[in-house]
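Enquirer: Quick note, the sequences are listed as chains A and B, same order.
Position 35 (the first sequence) corresponds to 35 in the UniProt record's numbering; numbering is contiguous.
Position 60 (the second sequence) corresponds to 60 in the UniProt record's numbering; numbering is contiguous.
It should be emphasised that the hints constitute simulated quantities derived from the structure, not laboratory data.
Values in this document were obtained by computation on a predicted structure and should not be read as measured data.
Virtual Cβ for every residue (Gly too), placed ideally from N, Cα, C.
Just so you know, not all the hints are guaranteed correct.
What the hints assert, rightly or not - Heads up, incomplete: computed chain A residues facing chain B, CB under 8 Å, no partners named:
{"#": "1", "residue": "54"}
{"#": "2", "residue": "73"}
{"#": "3", "residue": "102"}
{"#": "4", "residue": "103"}
{"#": "5", "residue": "104"}
{"#": "6", "residue": "152"}
{"#": "7", "residue": "154"}
{"#": "8", "residue": "169"}
{"#": "9", "residue": "180"}
Said to hold, decoys possible - Label pairs and their computed distance ranges (CB to CB):
{"#": "10", "chain 1": "A", "residue 1": "167", "chain 2": "B", "residue 2": "80", "range": "57 to 65 Å"}
{"#": "11", "chain 1": "B", "residue 1": "71", "chain 2": "A", "residue 2": "77", "range": "24 to 32 Å"}
{"#": "12", "chain 1": "A", "residue 1": "83", "chain 2": "B", "residue 2": "284", "range": "30 to 38 Å"}
{"#": "13", "chain 1": "B", "residue 1": "86", "chain 2": "A", "residue 2": "65", "range": "36 to 44 Å"}
{"#": "14", "chain 1": "B", "residue 1": "112", "chain 2": "A", "residue 2": "179", "range": "47 to 55 Å"}
{"#": "15", "chain 1": "B", "residue 1": "284", "chain 2": "A", "residue 2": "167", "range": "22 to 30 Å"}
To be verified - List time: in silico DSSO-like cross-link candidates among lysine-lysine, alpha-carbon distance up to 30 Å:
{"#": "16", "chain 1": "B", "residue 1": "288", "chain 2": "A", "residue 2": "152"}
{"#": "17", "chain 1": "B", "residue 1": "141", "chain 2": "B", "residue 2": "249"}
{"#": "18", "chain 1": "A", "residue 1": "181", "chain 2": "B", "residue 2": "141"}
{"#": "19", "chain 1": "B", "residue 1": "288", "chain 2": "A", "residue 2": "153"}
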Amino acid sequence: MVRKSMLFTFLFFLTFINNGLAHTGLESSSPQDNEIVKEDLQEITLTFETKVEQSSTFQIKNSIGESIPIENISLTNNKIVGSLQYPLENGSYKVEWNIIGADGHPIEGEYHFTVQIPDKQSQIEQEQNQVKQPKQDENKKANEESKKFEQKKLPSYVIPSVIVVLILIVIGSFLLLMRRKN
Amino acid sequence: MLYAVIVSEVLLYLCFSLLMGSFLLYMVPSSNRPNIHVRRGTLMTAAGGIAFLSFFPLLQLILFLYEDIGLYQTIESVIFTFEVGQAWIFSYILANVLFIFIVWFDYQNKRIYSFIGFLFTLLLILGLGWASHASSLDLWKGFITHTSHFTAVTVWAGILLVVSWFSKDYSNWQNFLRWFTPVAITCFTVIVITGIILMTFVVDINDYVRSWVLSYGQALLIKHLLIIPLLAYAIINGILVRRKLRTNKSFNPKPWTRMESIVILLVFSVTAALGQQSPPHEIVQTIKSVGASKLFTTLYQGSFYPEMIVSFNINVTSGILMILAVLFLMLTVLSFIKKAPPVTSLFMSVLFVFTGYLSLVLSII
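Taking the hints into account, I'd like the entire structure generated from these sequences.
Expert: See the structure below:
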């Protein structure tokens, strides 16, 4: 009976296993990641995989890193909709989201999109900007990353000496234990 | 604050185990268990502890948010509109009812009352499962898995804790083992299966070794290593002790179950620490946002960069360490056979985890 019920539980859970990996975070967005938007853009929608709690929010930054004011952010279940006062100008933008999922864990992330409306006067200007900015950005990023991943390695003699000590403990305690009666 | 949350989590698991273990053991006829005496005050503290300790994650959230929208408003919105807040209100009310129940009803002598107490504890676990991390990713799958995982843990650990620390003698120990061994095996099987499922929520099985780069993966690895000595104790307490009792009636098995419960406490601590780390849904992304585990980068011999592909490759150092780890595991059991003080075996199992950990981490290239 015990065996049967155990087998049953096992099969029961086995059916769940292959459902794959669930990801917390962004499910979809409008505009999408890396999308090139060719129309006036005044509303940004982020859809998440779980319900998002009050005080979840996002920011939009242009290529220089200035944030674009968002007029109104509304939360409904798993969606955040932000509307902008003016349509976005041509250029690349970064959306940084910062939410609290239904499990109460704060989660953050970012994605990029580009606005490229044809026949705009500022196009040439923007392109110039774009050429200049990413370089600076990359430099900054590389700097930050190398800081984060600075490694303090152990001196090379530590591990061998730890091993020697461990061997001594094994031998010592084995000898001590074998001296005792069963 | 981080450490406060970890400590509060460990205490919370203990409170649940204590309640579960006490009510279950009081349900068992006294001829099938040692004489136990869990004071009313102890269980009242445990019930109160659940109400109070389960608030800590909310407190952490409130402290994280209050600067933006003000303290009072944050408290109000976290408690009343957040999913975790509502789950806490449920737990809080239920824990209070349980508290009053413990004061008023004689659960120590009437089995029906200890059964009701058991049901209350089960309901509290459901509340916890509802608020858990996994359940928000995939509601029913997460809820069922998390709840069964935690229920199995509290049943197993709870009975073991109460019998080790709250029993007055060790009478009927063989009768006790007769039913507890299958219960423990069932619980352990459920824990392993649900544990693997819960793990796949956050770590792809194929990424298991890669996740060791992160603090989350490190904690997970240590937790899994700790489960192995726990199995050694299960063999000691389930098989070897039973044999010994057959020949020697006056043998006291309690010090050995106490050691097992201490290892469980260690597993609880690592689990609580695990809960506070960012889970590695996307490993490279996570490394970039929270950084790699300091422990890992210190031990890792090559140069580290976030996109690196780690693979498992046993070398001389890790091979020697692996053999030493196995020896430490054998010494854990040998300490029992040779009647050494129980603390010796605990020391050996801690060394097993340490050595095994070093071996695995050093075999990464």
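Enquirer: Checked against the structure, which of the hints given earlier come out wrong?
Expert: 2, 15, 17, 18
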